[in-house]
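Trainee: Spelled out, the chains give:
4 protein chains.
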Amino acid sequence: MTNSLPFQHILANQVVIPNLLLQKYNKLGLDEIELVLLIQIHRSISNGNYFPTLQELTSMLTTDEQTCSRLLRKLIQKGFLKIERQENSQEQWSEAYSLEPLWEKLFEPVKEERVQNEDG
Amino acid sequence: MTNSLPFQHILANQVVIPNLLLQKYNKLGLDEIELVLLIQIHRSISNGNYFPTLQELTSMLTTDEQTCSRLLRKLIQKGFLKIERQENSQEQWSEAYSLEPLWEKLFEPVKEERVQNEDG
Amino acid sequence: MTNSLPFQHILANQVVIPNLLLQKYNKLGLDEIELVLLIQIHRSISNGNYFPTLQELTSMLTTDEQTCSRLLRKLIQKGFLKIERQENSQEQWSEAYSLEPLWEKLFEPVKEERVQNEDG
Amino acid sequence: MTNSLPFQHILANQVVIPNLLLQKYNKLGLDEIELVLLIQIHRSISNGNYFPTLQELTSMLTTDEQTCSRLLRKLIQKGFLKIERQENSQEQWSEAYSLEPLWEKLFEPVKEERVQNEDG
Chain A
1 MTNSLPFQHI LANQVVIPNL LLQKYNKLGL DEIELVLLIQ IHRSISNGNY
51 FPTLQELTSM LTTDEQTCSR LLRKLIQKGF LKIERQENSQ EQWSEAYSLE
101 PLWEKLFEPV KEERVQNEDG
Chain B
1 MTNSLPFQHI LANQVVIPNL LLQKYNKLGL DEIELVLLIQ IHRSISNGNY
51 FPTLQELTSM LTTDEQTCSR LLRKLIQKGF LKIERQENSQ EQWSEAYSLE
101 PLWEKLFEPV KEERVQNEDG
Chain C
1 MTNSLPFQHI LANQVVIPNL LLQKYNKLGL DEIELVLLIQ IHRSISNGNY
51 FPTLQELTSM LTTDEQTCSR LLRKLIQKGF LKIERQENSQ EQWSEAYSLE
101 PLWEKLFEPV KEERVQNEDG
Chain D
1 MTNSLPFQHI LANQVVIPNL LLQKYNKLGL DEIELVLLIQ IHRSISNGNY
51 FPTLQELTSM LTTDEQTCSR LLRKLIQKGF LKIERQENSQ EQWSEAYSLE
101 PLWEKLFEPV KEERVQNEDG
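First to last, the protein sequences are chains A, B, C and D. Just so we're aligned: the first sequence equals residues 1 to 120 in the working numbering. Just so we're aligned: the second sequence equals residues 1 to 120 in the working numbering. Just so we're aligned: the third sequence equals residues 1 to 120 in the working numbering. Just so we're aligned: the fourth sequence equals residues 1 to 120 in the working numbering.
Where hints are given, some of them may not hold.
It does not matter which identical chain is used: a pair holds within one copy or between any two.
Claimed, not checked - In the DSSO-like style, the derived pairs of lysine-lysine whose C-alpha atoms are separated by at most 27 Å in a straight line are: (1) Lys74 to Lys27; (2) Lys74 to Lys24; (3) Lys27 to Lys105.
Hints are computed from structural coordinates only; laboratory data are not their basis.
With the rest of the complex left out, here is chain A:
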C-alpha cells in the first residue's frame, strides 16, 4: 500500500527560481547559505508573506538567529536585498522585503559588471 502525498499537494506547492540565480550566485560573491536565505525569502514572497520574521527565516536554515540576522544585514549592505514600506488596501503601512536589487543584478547585466553568456 502506498502512502504518498496527493499529487495535487505536490504540484500546488512549488517555487520557481530563475536559472540565472543558480548559475551566477557564486560569481556574485554569494555563498550557499546566503543563496538559500535569498531563496527562502523569495519563497515567502511567492506565498504572499512579504516580511517573514527572523524566527521564521531562521527556522528555514541550519543556523541560529544571530547568524541569520547578520546575514540579512550583509545581503542588504551588498545590494541584494532591501526593505520597503508598503501601504495595503486598508491604508495601513507595513514593511516588506524586496528582492528587486537581486533580480536587477541578474537581468540587467549592463548596469553591473557584464554577466557572461548563460549556463556556465
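Since the structure of chain A is already known, use the hints to place chains B, C and D on it.
Mentor: Chains B, C and D in isolation, oriented as in the chain A frame:
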C-alpha cells in the same frame, strides 16, 4: 523610459503546469476550453483558493456562467475533477475542488489506458 | 500495487506560466485555443525547441493544420507572436518564434492600454 | 536606456522546486551546501543533462572538486541520491543521477519518519 512591472512581481506570480497535461489533454478527450478551465482551477488552488466561485471561474474564461457551469459538471462526470468536503483548523467544513483524478489519469497510466511515451 | 510515474519524471517535466497571462488573455482579445497555442509555443521554447513545425503544433491542439496555420498568422498580425532569424554558434541561421511581444503587452502595461490591478 | 534581458529569456529559463524540500532539508539532516548541490542536480536533470560531470557540478558551487566529490558520496550513502544505468533509444548505456530517493523521503512520509505538517 521603461515602465515594466518589477521583476519580483513577475517572478513571484507564476503557475507551474505538468508538461504531460499539455501533451495529453487532447488524447484524454479534452478540448482547449476544458483544458484552460482545469488550469484556472489549478492556479486558484496553487494560490490557496480551493473553491473559486462560478463567477470567478467564468471571469477567467471567454464564456458565460451557464456554459462554465455545464463544463464543470462535464469535467466531474468524465472523472477529471471532483468536489470534496474539507475541515479547516477551526473545525469548519467547506467544499474544495480537487484535481487529483486528473493527475492520477496522467501520472498513473497503468490504471487507465496506457499513456504512450512522452512528448508526442 | 502502484504504477505511478517516478516523482523525478513529474518534477523535471513542468512548464512555468505567468499568472498575468491566465488573468488577462480574454481581456487582450484572445480565446482559449489561441491561449493554448501560445502556451504550447512557450513550452517548446522552454524545452529548447525554438521553432516547432506546424505538424508539431497541430498535434498539441484539437484542431487541424489549416486552422493552426491560420491561428499562427492571426497571432502574428495582432502582435502577440513574431518570427525571428537567429544565428547559432556555428554561424548558421535559423528561424525562431519569439513570444516577446506577448510578454511586453503583459509586463509593460503603460505602453499598451493600462492593464488593471492583478487578479481580476 | 534599459538593457534588461528579454522577458522570454527570463521566463523560459527557470527551475521548479518543491516547497517541501526547502521546508524540510534541515530536518532531514542536510545543510545548505548539500541542499544547493541537490538543487543543481535537479536543475541539470530538468534541462536534460542527467549526469553532469564533477567539474560541472563544482563550477555551480563555491567549493572545490575534492569537497564536491565527498559531498556526492555522502548524499548517496545517506540515501538522498543514487546513480542509475540508463539505456537510450540507440541501445547505448549511460549513467544518470536519480533524485528519486530524495523525493520519496519528502513525498512518502510514512515510509520514513513521519514528516510533520506543512510550512514549518
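Trainee: Taking 27 Å as the upper bound on the Cα-Cα distance, should Lys74 and Lys24 be classified as within, between, both, or neither?
Mentor: For Lys74 and Lys24, the Cα distance is within 27 Å both inside one copy (18 Å) and across copies (25 Å).
Trainee: For Lys74 vs Lys27, is the C-alpha pair at or below 27 Å within one copy, between two copies, both, or neither?
Mentor: both (17 Å within a copy, 26 Å between copies)
Trainee: Should Lys27 paired with Lys105 be assigned to within, between, both, or neither, using CA atoms and 27 Å as the limit?
Mentor: within (11 Å within a copy, 32 Å between copies)
Of the numbered hints listed earlier, not one is contradicted by the structure.
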